[in-house]
Amino acid sequence: MSHYTRPQVLVLSGLDPSGGAGIQADIQAITSLGCHPLPVLSCLTVQDTRNVYGAEAVNPELIRQQLRCISEDAPIHAIKTGALGNSAVVEVLVEFLGKYPDIPVITDPVIKAAGGGDLADDELLATMKERLFPLAEMITPNGIELALLGESDNADEAARKLLEKGCTSVLATGGHGTGIRITNTLYNHSPTPMTWDIERIGGEYHGTGCTLAAAIAAGRAQGLSPRAAIAQAQNYVHRTILHALAVGKGQPVPDRGILWER
10 MSHYTRPQVL
20 VLSGLDPSGG
30 AGIQADIQAI
40 TSLGCHPLPV
50 LSCLTVQDTR
60 NVYGAEAVNP
70 ELIRQQLRCI
80 SEDAPIHAIK
90 TGALGNSAVV
100 EVLVEFLGKY
110 PDIPVITDPV
120 IKAAGGGDLA
130 DDELLATMKE
140 RLFPLAEMIT
150 PNGIELALLG
160 ESDNADEAAR
170 KLLEKGCTSV
180 LATGGHGTGI
190 RITNTLYNHS
200 PTPMTWDIER
210 IGGEYHGTGC
220 TLAAAIAAGR
230 AQGLSPRAAI
240 AQAQNYVHRT
250 ILHALAVGKG
260 QPVPDRGILW
270 ER
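For reference, each letter of the sequence shown is one residue, going 10 to 271 in my numbering.
Because the hints were derived from the structure by calculation, they are not lab data. Hints may be right or wrong, so weigh each one.
Restraint-style ranges between C-beta atoms, simulated for each label pair [unchecked claim]: (1) S199 with E160: 21 to 29 Å; (2) I153 with K258: 19 to 27 Å; (3) H252 with D127: 27 to 35 Å; (4) V103 with E166: 22 to 30 Å; (5) K174 with D130: 18 to 26 Å; (6) L251 with D82: 32 to 40 Å; (7) G63 with A135: 20 to 28 Å; (8) D111 with Y13: 22 to 30 Å.
No more than 20 Å apart at the CA atoms, straight line, and that leaves these computed lysine to aspartate or glutamate pairs for EDC-like [as the list claims (entries may be wrong)]: (9) K121 with E213; (10) K258 with D57; (11) K108 with E160; (12) K170 with E132; (13) K174 with E100; (14) K174 with E160.
Ideal Cβ placement from N, Cα and C applies to all residues, glycine included.
Construct the complete structure from the given sequences, taking the supplied hints into account.
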């Protein structure tokens, strides 16, 4: 009997007990878009739909063993990273990525929860910027993360600084803004950035950034160009928000269990 295959996305991300963000969001989005997730847990969080209250990184040596084990067994067509726990975990990831330079890496630089709770300290931020970002095909910061990472409140300037430090491309996501439309802007080394506009559906949602980055990684695993992967991912996230779930007392959660029809 022959068995089916699907494109496979390796995910290194944190656990969110509310199921709204983190590795569950990644698993759901990747599966919904027709790929198979290969999930490796980077950290455990104390988290609900309102905020993050604590986080503890997984033993980096365990992560090293998991990455080696799964990569020797299963083909990997794209990689998505989320919250990484601590600097030592990033070093393990960087060592692993060095062996697979041709696999597209989508990095969501998770720094803060929407409620304000921290998911990265200064050492982790520095290691991500210096070691991980130059290996990623695309990083996907929201407005707050972009300003922090690029050390400027001007998005164009912040993105330019990140590109100068080795980023291949920066997708500045607009979900944290307030206008009637969400504008996502892709900065790379071409003269002018590319933008996409989507209707804003009121309020904040728990896990949209994770969902978008995971969906982009799924598109890249399927062989879509970066631009086509972004477009597909945005349409998918829009639909998950239209069907958002009331999970707890905080932000609604995108319904990533919807059947996706391209």
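Hint by hint, here is what the structure shows:
Remark: the range hint 21 to 29 Å for S199 to E160 is upheld by a beta-carbon distance near 23 Å. At about 23 Å, the beta-carbon gap between I153 and K258 stays in the expected band of 19 to 27 Å. At about 30 Å, the beta-carbon gap between H252 and D127 stays in the expected band of 27 to 35 Å. In this structure the supplied range 22 to 30 Å holds for V103 paired with E166, their Cβ-Cβ distance being about 27 Å.
Between K174 and D130 the CB atoms are about 19 Å apart, so this pair conforms to the stated range of 18 to 26 Å. Checked against the hint of 32 to 40 Å, the pair L251 and D82 passes, with Cβ atoms roughly 38 Å apart. Take G63 and A135: their Cβ atoms lie about 22 Å apart, and the range 20 to 28 Å holds. Judged by the Cβ atoms, the range 22 to 30 Å given for D111 and Y13 holds: they are separated by roughly 24 Å.
Using a Cα cut-off of 20 Å, the hinted pair K121 and E213 holds, with the two alpha carbons roughly 14 Å apart. Our distance criterion of 20 Å between C-alpha atoms is met by K258 and D57, whose separation comes to about 9 Å. At roughly 31 Å between alpha-carbon atoms, K108 and E160 are farther apart than 20 Å, so this suggested pair is violated. Distance hint between K170 and E132 is fulfilled; the C-alpha atoms sit about 19 Å from each other, no more than 20 Å.
Using a Cα cut-off of 20 Å, the hinted pair K174 and E100 holds, with the two alpha carbons roughly 18 Å apart. A threshold of 20 Å between alpha carbons decides the hint, and for K174 with E160 the separation of about 12 Å falls inside it, so the pair holds.
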